[in-house]
Structure formats: structure tokens, C-alpha cells
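A.B. asks: Since the structure of chain A is already known, use the hints to place chain B on it.
2 protein chains.
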Amino acid sequence: MQIINSVKTMQEIGNNWDAGKRIGFVPTMGYFHQGHLSLVAEANKQSEITVVSIFVNPSQFGPNEDFDSYPRDMQRDLELLSNYKVDYVFSPSSEQMYPQDYRTWVEVEGISSILCGASRPGHFRGVATVILKLINILKPNLMFMGEKDFQQVTVLKKMLKDLNCITQIVPCHIIREDDGLAMSSRNIYLNPEQRKQALCLFKAIQQAQTQYKQGIRETIFLQKEAADLVKKFGGIVDYISFVEPNTLQEVAIADDNTRIMLAVFIGKTRLIDNAPLKG
Amino acid sequence: MQIINSVKTMQEIGNNWDAGKRIGFVPTMGYFHQGHLSLVAEANKQSEITVVSIFVNPSQFGPNEDFDSYPRDMQRDLELLSNYKVDYVFSPSSEQMYPQDYRTWVEVEGISSILCGASRPGHFRGVATVILKLINILKPNLMFMGEKDFQQVTVLKKMLKDLNCITQIVPCHIIREDDGLAMSSRNIYLNPEQRKQALCLFKAIQQAQTQYKQGIRETIFLQKEAADLVKKFGGIVDYISFVEPNTLQEVAIADDNTRIMLAVFIGKTRLIDNAPLKG
Chain A
1 MQIINSVKTM QEIGNNWDAG KRIGFVPTMG YFHQGHLSLV AEANKQSEIT
51 VVSIFVNPSQ FGPNEDFDSY PRDMQRDLEL LSNYKVDYVF SPSSEQMYPQ
101 DYRTWVEVEG ISSILCGASR PGHFRGVATV ILKLINILKP NLMFMGEKDF
151 QQVTVLKKML KDLNCITQIV PCHIIREDDG LAMSSRNIYL NPEQRKQALC
201 LFKAIQQAQT QYKQGIRETI FLQKEAADLV KKFGGIVDYI SFVEPNTLQE
251 VAIADDNTRI MLAVFIGKTR LIDNAPLKG
Chain B
1 MQIINSVKTM QEIGNNWDAG KRIGFVPTMG YFHQGHLSLV AEANKQSEIT
51 VVSIFVNPSQ FGPNEDFDSY PRDMQRDLEL LSNYKVDYVF SPSSEQMYPQ
101 DYRTWVEVEG ISSILCGASR PGHFRGVATV ILKLINILKP NLMFMGEKDF
151 QQVTVLKKML KDLNCITQIV PCHIIREDDG LAMSSRNIYL NPEQRKQALC
201 LFKAIQQAQT QYKQGIRETI FLQKEAADLV KKFGGIVDYI SFVEPNTLQE
251 VAIADDNTRI MLAVFIGKTR LIDNAPLKG
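Residue numbers (the numbering used here), protein chains in the order written: chain A, 1 to 279; chain B, 1 to 279.
In the PhoX-like style, the derived pairs of lysine-lysine whose C-alpha atoms are separated by at most 25 Å in a straight line are:
#, chain 1, residue 1, chain 2, residue 2
1, B, Lys-21, A, Lys-21
2, A, Lys-8, B, Lys-21
3, A, Lys-161, B, Lys-157
4, B, Lys-161, A, Lys-161
5, A, Lys-8, B, Lys-161
6, A, Lys-161, B, Lys-8
7, B, Lys-8, A, Lys-157
8, B, Lys-8, A, Lys-21
9, A, Lys-213, A, Lys-148
One-sided and incomplete, this derived list gives chain A residues near chain B with beta-carbon spacing under 10 Å:
#, residue
10, Val-7
11, Gly-14
12, Tyr-98
13, Glu-109
14, Ile-111
15, Leu-163
Estimated spans, in silico, between C-beta atoms of each pair:
#, chain 1, residue 1, chain 2, residue 2, range
16, A, Ile-188, B, Ile-3, 56 to 62 Å
17, A, Pro-121, B, Gln-100, 22 to 28 Å
18, A, Lys-21, B, Arg-22, 19 to 25 Å
19, B, Ile-166, A, Lys-278, 40 to 46 Å
20, B, Lys-8, A, Arg-72, 38 to 44 Å
21, A, Asp-18, B, Gln-100, 36 to 42 Å
22, B, Lys-268, A, Gly-20, 54 to 60 Å
23, B, Asp-73, A, Pro-121, 42 to 48 Å
24, B, Ile-166, A, His-173, 30 to 36 Å
Read the hints as simulated data drawn from the structure, not as lab findings. Here a beta-carbon is modelled for each residue, glycine too, at the ideal position from N, C-alpha and C.
In isolation and in its complexed conformation, chain A is listed as follows (with noise of 0.2 Å):
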């Protein structure tokens, strides 16, 4: 396992890859979960070639985001990664990446600005960019994501298709707390009630599941019942939607395809969910 810092190295390494070995890559802002190695296990299984990045990209935080705060532990991250296949840990610096007259920026329209991106301004933004500019020095042909963030993956599917590159997203399966709370670096965040809070987005999610399979279709009352379980938990609906899987588009009549995606706080932290309604 190689750990590397600097771009113009990385570059080079990944400008002179043997054709024949597929690469696969895991970009991650480190502070491992099982969802982290979940994906690293994912590429070791498809790839000859793995290379996680671990870098907290200042450019997809907001200004009253928690970027200073983001949790973070290169010592713990690397202890776990030793435990699998990792060819290369790319870490570099903020500096490296977004020297000071840095001004380029890769905008996916309309599926950006909603959900997580009507919250989170400029947020997919940072993300498509930065994306961008590792699969420029990685030059992986597979990329792993996992699908708690599953707007992100439908933006950066898009931004890869419409911008003719060559490296294929995997998405890969939220990974589960026993309770059901998915995983999420942010889940640290909670103290042990807002632990128990925490856990009405997978309740949501079940009973929206539940409903859907008794022949409920009206999403207006999916919503609205999501909303009232979350509420009786203490958290506080950012939104609850349900949308086409690849427009993100909300659909008022639920089929096999919609999926459901809710972002709630519980306490300050906003905490993400998704799953496809049919289960």
C-alpha cells in the first residue's frame, strides 16, 4: 500500500497504467465506516488495481457547513484499508488541489439543485469538480459509490456520460447499522438519544415500503406519513421525496421504479436516506 500526497506523482502513476489492469477507484473524505470498506472490498473483488482517495473537499461544504469540523483520522483510516488490497491511498493536499487562483467548475444543471442541492448550495457542484479532477489524475476505469448518497451518484453518472469519460460508476448497496441507521461519518455527531432519533429515516423508509406493497400510490400521503413518523421521533424533515431513480424527478403516482429520499435532522446534523419504494 502506497501512500501518496502529491498530484504530479499520482498523475504520473496513473498516466502509466499496464492497459491490461483494470483500476479501480474509491474516492472517500476517509473516516471509514463499514460502508468505506464495503466499497474497497467491492473494487479488490473487480479490479486488478485499487486506489482509494481520502481527501475532505472544501469546495462541497457550504460556508456554514461543518468542512472544520468534519471528522478525521488518516492513522485509523490507513489501520482499516491494511486490512484489504489497497495498491495506493492518494491523499493530497487542499492546496494541491485548488491552488489560489483556482476558478474552474463543473456544473451538472437542474439535477443539482434539488434535494440535497436545494439545502446544500453549490454542494454538487464541489462534488462534479472534484470528481472531475481525480478521475483526470487517477484515470480509473471503475469507480465505487455507495448509494446512501445516491444523488451524488446519479449527478456524477451524468457528469461522466455527458462529458464522454471512460470510468463506469459501481454503485453500491447501502451499508446498515444493526437498528437499520445507515452509515455515515456524520453519524458521530449524535449523542446516544439523537442516536435513537436518528433511526426515523429507515423507519420512513419501512413504512413507506409497507404502504407502497399494500397498493398505496399517492405519494402525497407516502410523504405525508413519512413526515409524521419523523416528526414523532424528534427529527426535522428537510425533505421526504419520491422520485424517478435517474431524473430525480418527484413522480405523484408511485410504480416499482420510485424511489424514496429523505434528508431529516436530528439535533444539527443532517443525516441522508434513501431506498427504492418496492424494497
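C.D. replies: Just chain B now, with coordinates in the frame of chain A:
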């Protein structure tokens, strides 16, 4: 000379370049003049494989600009190219480059909204986006571009650096008619009277260079003199600017780095030109 209209076919070729060969790329909108051909000649000189793209990019034209009337003559272009060693001509359809649900754009902030960008909102967004797409399809080592579009070269250099693209731009000298008019596909719009008026751009550059040589450094004076000359010829000034060539920021006191940039309307035709003030 292979003519390729399919993005997919071109990308397959681009993904399989012989690693030992240098790929030279000349992006064009067709309707070749000696300026274009000088870029092809330079690509031949500096690369083992030369690719020329011919694509009138709709996204860099404003709604009231000349996209529909922009001159096109593929047959003549191909004949002109046959005098050079061109390995591939890539000429995709707009529908392939921008499918109906296309939504990804690249913005190089600041330097895209001044000078030509002020008169042509969105122009450089369209240029940056199409060039990034072409580069992702073709994967060239070198990209040959004329300095007539000096701001374009500056914007694209910045984009390539910011986004960690390995393609390097090779800026090439402006090719001029015998009387000094910079060659441009848009010169065809000029009637004989306007053709004479159009010389004001080059004359204004020469005058500024002479005045600089005489020791004049205040750009406000140089600018006024240049504007007077343009008016005398019957041109309408869009802008005349004296800039630092990397940032395109206007300077009050010129030095040996300063570049004069100008855009002038001759009738309805907007022409541009530029040169180092030092000559």
C-alpha cells in the same frame, strides 16, 4: 485520412493510442483558411498522429449570434486537409455531442466573463465544455490553437490546469492576410467596402505598438488613440483592452508583457485581434 462521425468510434480509437506516439489535435469549426492550415502543419511537425476535428459547436453561440449562418464547406475542408498528413478527421453531429438531456457545463470563472465574454455571455462556457468533451474523446497530448482567439487559449489553458488534464496547449501565431487583417472564417461576411474598414484592427495594433516603442505607457491614452483610429475607419469598438496575458486583467501602465486585445464591429460582423504591445 480517416473521416469519423461517430463519437463512440472516435473514443475507441482515442482509448487505444500507441503509448509511444504523440497525438496532436487541432480543434476547428471548419471553413478553413491559412490560419487553420498552419495549425495542422504545426501538429504534423510536433506529433506522430494528427487529428483534426470539424464541429460547429452550437453551445458557444449566443441565441442572437451566427450559428445558423456560420460558413460551412466540408468538401472543401477535406480537400485542403489532404495536403497534410492528417490521420483522423473527427466530425460528430450536434445530436451526438449534446443529446437532448445534456446538462453538464464547465465554467472558468472570472476570465470567461470579461472582454469577449462580456459581449458574448456563455460563449466560453460553451468553448470550455466542448473542448473538455473532445479531449476526453480523443486523449491528445498536444492541442494546437491559434492566438487570434487569445482569450480562448487563456481560458482553456486555465481549465486544463485546474482540472488536471494532461493535454498541453500549443499556442500558434496569428496568420494574417497580406495587408495585415487576421484570417478568420468570419471575414467572408465582409463586403469589399467593409473589407477595407476591417483593416482598422491591425492598424490600431500597429499604432499602439509604435506609441509603446515611443515610450508611451498610459493605457488610457493608448486606448483612446486606438479607438479614434477604429472610428476613423468606420468600425464600432466593442472593446479595446490592454491586459496582463495570463490573468487578462487590464493594466493602467503598460509593460513588455502587456497585450492589446480588441473586438470591433464592421457592419454586423464582429472581428477580433490581439498582439503583444512590444511587437
